[in-house]
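Trainee: So the sequences go chain by chain: A and B. According to our numbering, the first sequence holds residues 7 to 450 in order. According to our numbering, the second sequence holds residues 7 to 450 in order.
Don't read these hints as lab results, they were simulated from the structure. Among the clues, some could well be false.
Note that identical chains are pooled: a pair holds if it fits in a single copy or bridges any two copies.
Said to hold, decoys possible - In silico lysine to any residue, SDA-like type, Cα no more than 20 Å apart, as pairs:
#	residue 1	residue 2
1	K39	D361
2	K336	F291
3	K182	A410
4	K381	Q440
5	K381	N417
6	K381	P60
7	K336	L87
Number of protein chains: 2
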Amino acid sequence: MLQILNPEWLLTMQGAIRMETGLAVLLENDKIKAIEPLETLTQQHPQATVVHLPGEVLMPGLINTHAHAAMNLFRGIGDDLPLMRWLQERIWPLEAAMVSDEFVFDGTVLACAEMLAGGVTTFNDMYFFPAAAVRAAQAMGCRIAAGITTIEFPTAYASDAADYLSKGLEARDQFKGEANVHWSLAPHAPYTVSDATFKDVLKLADQLDLPIHLHLAETAHEVEDAVSRTGVRPVERLNQLGLINERLLAVHGVHLNESELALLALRGASLAHCPTSNLKLASGFAPVAQALEKGLNVGIGTDSAASNNKIDMFHETRLASLLAKGLSGKADDLPAATALHCATLGAAKAIGLDDLIGSVSIGKQADLISIRIAKDACTQPVGNLLSHLVYVADRTDVQSVWVAGSRVVENRQLRGRSSALSQETVLNRVPLWQTRFQDALGSI
Amino acid sequence: MLQILNPEWLLTMQGAIRMETGLAVLLENDKIKAIEPLETLTQQHPQATVVHLPGEVLMPGLINTHAHAAMNLFRGIGDDLPLMRWLQERIWPLEAAMVSDEFVFDGTVLACAEMLAGGVTTFNDMYFFPAAAVRAAQAMGCRIAAGITTIEFPTAYASDAADYLSKGLEARDQFKGEANVHWSLAPHAPYTVSDATFKDVLKLADQLDLPIHLHLAETAHEVEDAVSRTGVRPVERLNQLGLINERLLAVHGVHLNESELALLALRGASLAHCPTSNLKLASGFAPVAQALEKGLNVGIGTDSAASNNKIDMFHETRLASLLAKGLSGKADDLPAATALHCATLGAAKAIGLDDLIGSVSIGKQADLISIRIAKDACTQPVGNLLSHLVYVADRTDVQSVWVAGSRVVENRQLRGRSSALSQETVLNRVPLWQTRFQDALGSI
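Bound conformation, chain A alone:
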């Protein structure tokens, strides 16, 4: 199947980051086949369907570098609480009582609906019951990098670290060869995973050629506690274990120091920056401008709806750019082009998929979004189209979304099965879960 997308502006995010005009994109099935003027493509491929996108920018789909998608069901469950009360009185008891295959499926459907409508075509997930998350992403038409999660304590999902790994590997086998499903090893964090488990994870990552996705240096307490328990900071421990390498995606990194940033950069690791979550849970401000200056690759992520409370990559990208300037005192830090890189190609590299997604490039997957440069008073005038995408546009400006060449969002609405499934979930499943949460919290 051949499709030609003909936008008013094209932003490939490949090479120099700039808006181009007069170019259309040919898709063959799930892939980008050519980028040429419309006339060239229509002459060469008269049988192709042409989709005109006047007044719209076509660009790569946004990539959410760090999600716990199923937690969309926990949106607003513990706002304005200190971190330990948030965990001890809300998140942990609810997770203990609720988490199941059914919970993860329903929550991930909600998150996929929110993400797709907001221009996110891929999310890098870390949660329990990853097979349920994959089924939900498939049903919704969203690309997923699912985490083979592991942690030392038991849950309804698995009994110990080895059991988590074996169940995650089983899930990976179950979806082997299926399109738009990718994997990482996801040991939760240095403070919840033992040295022995990290060694198993490292071995598996090498065997299966997978990234390693973990929380790192999220809070000052985490770092201090690690020093008092192990004598070294978490990065040093991971380094001794051989984990600081190009497979590593360190999430948060709020309390990484200069030399740790330099080490991560030197070894080709990546950072997942989740600015809203870091503020809302009062963890602090990740040193993203310094990370970028040292050459560390950065992707942007939303974290979960329990600590955000919206899974909105436009919001995160804008906030990343604003915070960097406020922190450094330099208004030209993390400019729009860099912020867009962190939300697309940088994010793809962070999850080990930059040969497949993250830019509009020939041979890559056709994961694309179109953004309407609106003509109304809320967005006009447009002083600069590139910075407009970061500082003015929001997720309601996303008009169309394609994942692997398939149009999942059209005219701002989810299509077909995705739409029906998300509506059914909101109408019937969400009220059911809310009743269950109240019962569970009432019995604590």
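Mind docking chain B on chain A? Use the hints.
Mentor: Relative to the frame of chain A, chain B by itself:
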């Protein structure tokens, strides 16, 4: 004319901040007349029109404590530039070449369209040609607190500080007795206004009983420079001049220290917090949680579209709450209820209009907004309705807006004359201004 608004939830922002159900609001012309159960009101006033608002929260309109509305025409004109290049290469030359009655009218129309659609019913403005801003606000149906601006250097508007004041007073006289038009004295900032002018401003403020609206301690450079030029920090100079009192609305206050915050609180002054602008121009983080802790009244503002680039009070309110937590390390700092207070009643107090607007209270002006608590996957579930308004809702959820009892926005759209004027401005006037800007910047 009698109207009854019957929402699903009512948030008065008066007394304890909580959602109420089972209450409707009776409007008589421009005022709030009663708050009672629907049946009580319909029995007492069978002739009243009833507007049902199922699934919506009714609350006071948001108040934008600091705007330069006309600068909406400059949206995106100088993104990602260091502050001095932003001013010297973009803002100042463009203002010198462009600012006129016509510019201010068109720009303020755009800003009013954006603000009203986003739930802002009042804005506290500071710019040149205030009469043009008032005419635009009136044409759009938005309440304005216009600034009698003064600054020591000449512009196309006025020749010196006295000329600014006299032109501002003339504008005030011109609109005397007209509804929904309010005023402040607006000396630009300590670094652009002389002691003599501040004394004139103080005298006028006392005579006319007006607030004093000025930029204060926006950048570290401003404070350092003041110390080296005058020997004292800006607050100390204002204090010596007698300006630190309940009339004062200090905008930004990023570099106010503890004792200055305490002094402002003690004297009953207010702070206008503009978090996005402070980040985008790399000024830093205003100490808002400390200010509130000391009892200083805080309103939230957007600043101009040249340094934001959206005039979106939902965005600012959420950001204010998030930044406070990130700065203090306390996730319960600036909780949702406090953030909503700063965007409504606190803002009203900051501009000296808390006896008139800022809460749903009997006798106050009927400046109201209704927000749809959407049933879609982008916002469901709703864990807590109050925090949902701050952390999840955005301006596209605003369904209806009333200013002084008149419905300006219905079903998310501007009505009648406001709609026609904003469309005409976007279609015909914006392109004209963009051509002029290019010519002006080309000739620098």
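Trainee: Work down the list of hints and note, for each, if the structure agrees.
Mentor: Hints, verified against the model:
Only within a single protomer do K39 and D361 lie at most 20 Å apart by alpha-carbon distance; the minimum there is 15 Å, versus 65 Å between protomers. With identical chains, the CA atoms of K336 and F291 are at most 20 Å apart both within one copy (16 Å) and between copies (13 Å). Taking the shortest alpha-carbon separations for K182 and A410, only the intra-copy value of 17 Å comes in at or below 20 Å, while the best inter-copy value is 63 Å. Taking identical chains as interchangeable, the C-alpha atoms of K381 and Q440 lie at most 20 Å apart only when they sit on different chains, with a minimum of 14 Å there against 40 Å within one chain.
Both within a single protomer and between protomers do K381 and N417 lie at most 20 Å apart by alpha-carbon distance, with minima of 16 Å and 19 Å respectively. For a Cα distance limit of 20 Å, the shortest separation of K381 from P60 inside one copy, 12 Å, qualifies, whereas the shortest one across copies, 30 Å, does not. With identical chains, the CA atoms of K336 and L87 are at most 20 Å apart between copies only, with a shortest distance of 9 Å across copies and 32 Å within one.
In summary, the structure agrees with every hint in the numbered list given earlier.
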